[in-house]
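*Asks:* Top to bottom, those sequences are chains A, B, C and D. 325 is the number of the first residue of the first sequence in my numbering; add one for each residue after it. 325 is the number of the first residue of the second sequence in my numbering; add one for each residue after it. 325 is the number of the first residue of the third sequence in my numbering; add one for each residue after it. 325 is the number of the first residue of the fourth sequence in my numbering; add one for each residue after it.
Keep in mind that a hint or two might mislead.
Claimed, not checked - With a straight-line Cα cutoff of 20 Å, these simulated EDC-like cross-link-like pairs (lysine to aspartate or glutamate) come out: (1) C:Lys548 - D:Asp576; (2) A:Lys548 - B:Glu570; (3) D:Lys548 - B:Asp567; (4) A:Lys652 - B:Asp533; (5) C:Lys652 - D:Asp533; (6) C:Lys367 - C:Glu351; (7) A:Lys652 - B:Glu659; (8) C:Lys558 - C:Glu462; (9) C:Lys548 - A:Asp608; (10) B:Lys548 - A:Asp576; (11) A:Lys649 - B:Glu653; (12) D:Lys504 - D:Asp467; (13) D:Lys548 - C:Asp567; (14) D:Lys405 - D:Glu426; (15) A:Lys548 - B:Asp601; (16) B:Lys642 - B:Asp484; (17) A:Lys548 - B:Asp565; (18) D:Lys649 - C:Glu653; (19) B:Lys455 - C:Asp576; (20) B:Lys548 - A:Asp567; (21) C:Lys548 - A:Asp565; (22) C:Lys649 - D:Glu653; (23) C:Lys652 - D:Glu508; (24) A:Lys548 - B:Asp567; (25) B:Lys548 - D:Asp565; (26) D:Lys548 - C:Asp576; (27) B:Lys649 - A:Glu653; (28) A:Lys548 - C:Asp565; (29) B:Lys548 - A:Asp601; (30) D:Lys548 - D:Asp567; (31) A:Lys455 - A:Asp601; (32) A:Lys455 - D:Asp576; (33) B:Lys652 - A:Glu508; (34) B:Lys548 - A:Asp565; (35) A:Lys455 - D:Asp601; (36) A:Lys548 - C:Asp567.
Treat the hints as calculated values from the structure; they're not laboratory data.
Listed below, chain by chain, are the residues.
Number of protein chains: 4
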Amino acid sequence: MIRIGVIGYGYWGPSVARNFHGLDDCELAVVSDRRPDALRRAKQAYPNVQVTLDAAEVVAASNIDAVAVVTPVWTHFELAKAALENGKHVFVEKPFSATAAEAEQLIDLADRKHLQIMVDHTFLFTGAVRKIRQLIDEGTMGDLYYYDSTRVNLGLFQHDINVIWDLAPHDLSIVDYLIKQKPEAVIATGQVHLNGFEDLAYITIYFADRMIAHINVNWLSPVKVRTTLIGGQKKMLVWNDLDAAEKIKVYDKGVNMANGGSGQSIYDLLVSYRSGDMWSPRIDQTEALTTEAKYFVECIANNQRPFNDGVAGLRVVKMLEAADKSLKERGRPVEL
Amino acid sequence: MIRIGVIGYGYWGPSVARNFHGLDDCELAVVSDRRPDALRRAKQAYPNVQVTLDAAEVVAASNIDAVAVVTPVWTHFELAKAALENGKHVFVEKPFSATAAEAEQLIDLADRKHLQIMVDHTFLFTGAVRKIRQLIDEGTMGDLYYYDSTRVNLGLFQHDINVIWDLAPHDLSIVDYLIKQKPEAVIATGQVHLNGFEDLAYITIYFADRMIAHINVNWLSPVKVRTTLIGGQKKMLVWNDLDAAEKIKVYDKGVNMANGGSGQSIYDLLVSYRSGDMWSPRIDQTEALTTEAKYFVECIANNQRPFNDGVAGLRVVKMLEAADKSLKERGRPVEL
Amino acid sequence: MIRIGVIGYGYWGPSVARNFHGLDDCELAVVSDRRPDALRRAKQAYPNVQVTLDAAEVVAASNIDAVAVVTPVWTHFELAKAALENGKHVFVEKPFSATAAEAEQLIDLADRKHLQIMVDHTFLFTGAVRKIRQLIDEGTMGDLYYYDSTRVNLGLFQHDINVIWDLAPHDLSIVDYLIKQKPEAVIATGQVHLNGFEDLAYITIYFADRMIAHINVNWLSPVKVRTTLIGGQKKMLVWNDLDAAEKIKVYDKGVNMANGGSGQSIYDLLVSYRSGDMWSPRIDQTEALTTEAKYFVECIANNQRPFNDGVAGLRVVKMLEAADKSLKERGRPVEL
Amino acid sequence: MIRIGVIGYGYWGPSVARNFHGLDDCELAVVSDRRPDALRRAKQAYPNVQVTLDAAEVVAASNIDAVAVVTPVWTHFELAKAALENGKHVFVEKPFSATAAEAEQLIDLADRKHLQIMVDHTFLFTGAVRKIRQLIDEGTMGDLYYYDSTRVNLGLFQHDINVIWDLAPHDLSIVDYLIKQKPEAVIATGQVHLNGFEDLAYITIYFADRMIAHINVNWLSPVKVRTTLIGGQKKMLVWNDLDAAEKIKVYDKGVNMANGGSGQSIYDLLVSYRSGDMWSPRIDQTEALTTEAKYFVECIANNQRPFNDGVAGLRVVKMLEAADKSLKERGRPVEL
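I would like the entire structure built from these sequences, with the hints used as guidance.
*Replies:* Below you can see the structure in the form of structure tokens.
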């Protein structure tokens, strides 16, 4: 039985608490938040769970094994550090930390203490992303050409970070999970229209072997879009996360190139288009956070390092830092 | 009565010929193409029209007033120059020319000869773009925040140019037409996967006054997308050119920012979301090229300079050149 | 303060309980269900609410003012009758009763006892139906021509009633609410494929003044569809209840007929099509059941008869009975 | 070489003429129409083809082998009869004839004369219908449960027939082609709103073995819909003819019924839902009329009876007559 404390009971915290609470071999022991009304809601939902306004009590509590840090990014480092120093495993909301330096310190600390860090890259536990990963691993897609995501909607503005830190961690963690090549450079462009932080941005990541990723994030769109195109040598797919019934469509479409023989120029390349069936695989509908919470508890129980560990979190933070730097210089490429 | 010769009867030439042929005060006099089978098709469609394998005959013909150049971009300069030198008005397929220097020479030549140049930015004559322009001009949209276009599909590869020169001229001419601010810098990223030319690219254009444009072009997409989001201070719209019935949807959505008063920090900004009705205006369905061809003939008859003149064509070519330069340096920003 | 008891805590009962519980001037006093596990769930959600396996305790309880009957249709009559006899107001799940005779008895009983009956025609409290009613009442739609609904999906089978009694009450209550003309005849066709009850059916209702309604219900569809077309003389609309963002689209489309003058035959009618803008009004997103529960409490407090009273419920049951009768005779028309 | 004459050059005639003209082993010899401007258009398109205002010339012409009758339905009988009497094979626009009696006479006459009749049920030659037929024939769908088609749009009104005779022949010919069971009864409901003919109608056809078909046709819809659901024991499909990219979607969805054993009632049936992948097969894009015209010429050359012969046309006309009769009596079932 793992006993867990949850720090932060705002937008996402209640989902984290509910999922850990629902596990057989886990006990939700304590919830903390600075806002009394948040604690009231927690108490109403879980009458037997302890609540506190002081996060320091959670990280220091002797009767818990792990802490879930579900607070704004600029608070992650201090809270996770304190938890690790007190011998707790940590589950940290994405993005892992505000800087790569912070992430590195936390990784070191966890290693020294033999504790686990899991970064809450929830999308990696969705049926959709797991299915895409399977299609890539099995070789169905062939070599990947590109990942192109559009993640736009109206609001909800963040008051302390820009749209890249708010929305791009999703895609960056997915890109990190799906793409085997090493990222080489990041270019980000965007603009500030309303509250002093960039409210729309376009990120390109160059990878080795000509793989490229592009992420379009926007807080000022009249419509909500969650669509990703992934192009491979053998198949291409469209992942529309808003389509409940047919989230992923795999197209047997592509281009076959053949060189006509010796002595021929580039203009003699024989290009033929392949247009076959489309196929929409059934996607597992289990709530991603349920799967992830269970995995966290298993990793602790088995002393196993999660694939979405601090190092994975660090890789995402490095891309965020590079994107931010590029954005501040109006798109100057930043090498990774 | 304006007599016109059409050079190039491949993919787009037949549409150009058909539209000039259909005008009351215009006569399609001659069609040329290097390929005998193209001429056979022209002769079948227009038995009374002269055909020739030699474009030089067209530009020099004494019995025509204007020449439509509907050939690959690298041939535009020589053909248009010869036509202008022979006293013909010219209608040139987009993009206007392969370099800005060529465009400038043609503009000078036309000015000296008192001849008109029209660059075939067909999209500017569609009901959709004219409606959007109207919504902007009337002030319905308010100040513009961004223009974000996705123009992707599988194939048709060009063998002599990359995807930017193939697909982006559409959006660049529209951006040039709709956005009143001056473009300041271009950042383009992309990748070459198949035939030696970039087959996907992402272009950002920074304009004055925080306006920004983004264009996503891709020859390797499993699905065809022609969707543009335009965000304004008062309204936002989605233009889906593939939706025959509801091409433009105008959303009464937005964000209202209010500062709470003196002594307050950025965190005290009062953000409220506005979510009202959506409205899809009826779009004029007239074929754009018909309207454009008629306008060309009128401009000649009235000795009037078209708004899509050589100078407009040059502005687009300058953006293409800048995008190409940025693309070759993996996204280095290029000032305009 | 109205004190209410809820009988039936299966699929819909928890929503009814939650909504009455959430009202300021209403107290959820007791919940009953025959299944112990249902009661356990009720107790977990509302620790202070009394629970019982015996519905008879609820209808007889001295400390409650009203009873919500959220059980299978064949049980409605006995439960509602007992509640009324014990002086309770009743809120009855749709369809009101298994026969028109039962409905009439309950109406009489409530009238004699000066008690309110509300039939849970939830859809009448949705933002969508209220907006459509407003468009009709204001004259925006003009005279109505037809109502054509498709309500299909895969499963959930009912084991005691056919697809008409399961799905059609929604549309029949909406039709009863929106259409001012009197229904004259019902024709229903359909087929039994799986479990002995009709699993798909097509219902036509002829109204006075040439108004017609058609309802397509199907438990065996591979896709879920909730789309209604409503044609009026001035406007036509599409209500797609599955489209979260644009539920209702009002089309300025129609046909104008003009007779060319005296002495002309039908063939000389001048038909012209009108195709104008489309407009999608913002729809109130309040949960329908919340609005309805509040209205029930108000009706009791104000001794006001709800518009969705027993008589409205009876009108729907009469159409159901007629449809069922027609269905059993393979579509023979049944006069109302 | 088959020489063909086309009677009727209005809406559909030009497509028929173009397709016969385009065949290698067929010559378009003559076109007739009562309207001089129609003949002018024909002459412009085919300068070498004879034109005439008098259909009698075509059916009697000694130099032609076959006649395509592409005129209003009430003229089919006289024209086809005259053509057959003059020894010509006939290709007749759908619906075959205005009455079953006429159809029977034409079939008899053709048989006596050893001539072919082909009824232009064009949809049977589309890639979509051929693919559906293949899925049924191969057993992929399993036993069919239902065919449910919606075919609605605004206008084009016919001035001499109602919406059933205008739009339903498409579905009736498809139903006749796909469904192996015998039709037993027809129920049609509908209403007249504008020009004296029914402008919307709902048709149910009961077949043997519990198969049922339903057809929704409407000239007064604000939106165009061409969607058919087909339910089978093993698979279900949606055919959306307006979706260029994914016309047919085959769902591995269904219901499995198992009886729990002896002594159990209907309520003990074990129902389980199956929800698997969706698959959208590539559809042949060849123009249906091209395939059909070629088949007509082959049938003549090989003295082979087409599957869409006069008898097939008669079966459709019988269903139309029955539907019309039912419609006139407000839905009274008409046995076939």
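*Asks:* Please write out, lowest number first, the hints stated earlier that are contradicted by the structure.
*Replies:* none
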